[in-house]
Amino acid sequence: MQKLKSSVEIFRRYGIGWLWVAAFFLLCFTSVAAAGPCPPFYLKTDDGKIINPMSGDNADQPYSTRQTCGSCHPYEKIREGYHFDMGWKDARDNFIKDKPWFLTLGMTGGF
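Mapping of the sequence shown onto the working numbering: position 16 corresponds to residue 16, and the numbering continues sequentially without gaps.
These are computed hints drawn from the structure, not numbers from a lab. Treat each hint with caution, since some may be false.
[As the list claims (entries may be wrong)] Here are the simulated lysine-lysine pairs, DSS-like style, with alpha carbons at most 25 Å apart: (1) 89 to 49; (2) 89 to 99; (3) 77 to 89.
Since this is a predicted model, take the numbers as computed values, not measurements.
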């Protein structure tokens with residue numbers, strides 16, 4: 001019974017503090033989750049036209065990351081990210097002399 005009493009006393013003494021810590025972390029993770037993924041969006045061409053594969057409008061045009069993502073995100077910043085680079089800055093025609101098909105060791109544009 002003495003152990004139960006001391007546990008209850010510990011909870012009474014420190015329980016409110018742990019409650020504040022838990023609330024702090026809950027709020028932190030909620031704000032991170034609120035950022036979440038992008039909402040639905042249209043792919044756009046270099047000149048900002050919407051690509052619609054269902055109707056065929058501009059379906060033969062490549063999509064532009066600058067036009068598609070740049071309206072919500074800082075394009076110059078995201079294009080420097082590791083996911084998009086992965087060795088591209090080191091690419092050159094003579095990267096491995098015996099194997100001319102290797103331009104870099106990275107998986108450029110891959111995951």
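Taking only the CA atoms, is the gap from residue 77 to residue 89 under or equal to 25 Å?
15 Å, holds
If you draw a straight line from the CA of residue 89 to the CA of residue 49, is it 25 Å or shorter?
Violated - the C-alpha atoms of residue 49 and residue 89 are around 30 Å apart, more than 25 Å.
Verify the proposed pairing of residue 89 with residue 99, using a straight-line Cα cut of 25 Å.
With a Cα-Cα distance of about 19 Å, the restraint between residue 89 and residue 99 holds, given a limit of 25 Å.
Checked against the numbered hints above, the structure violates only hint 1.
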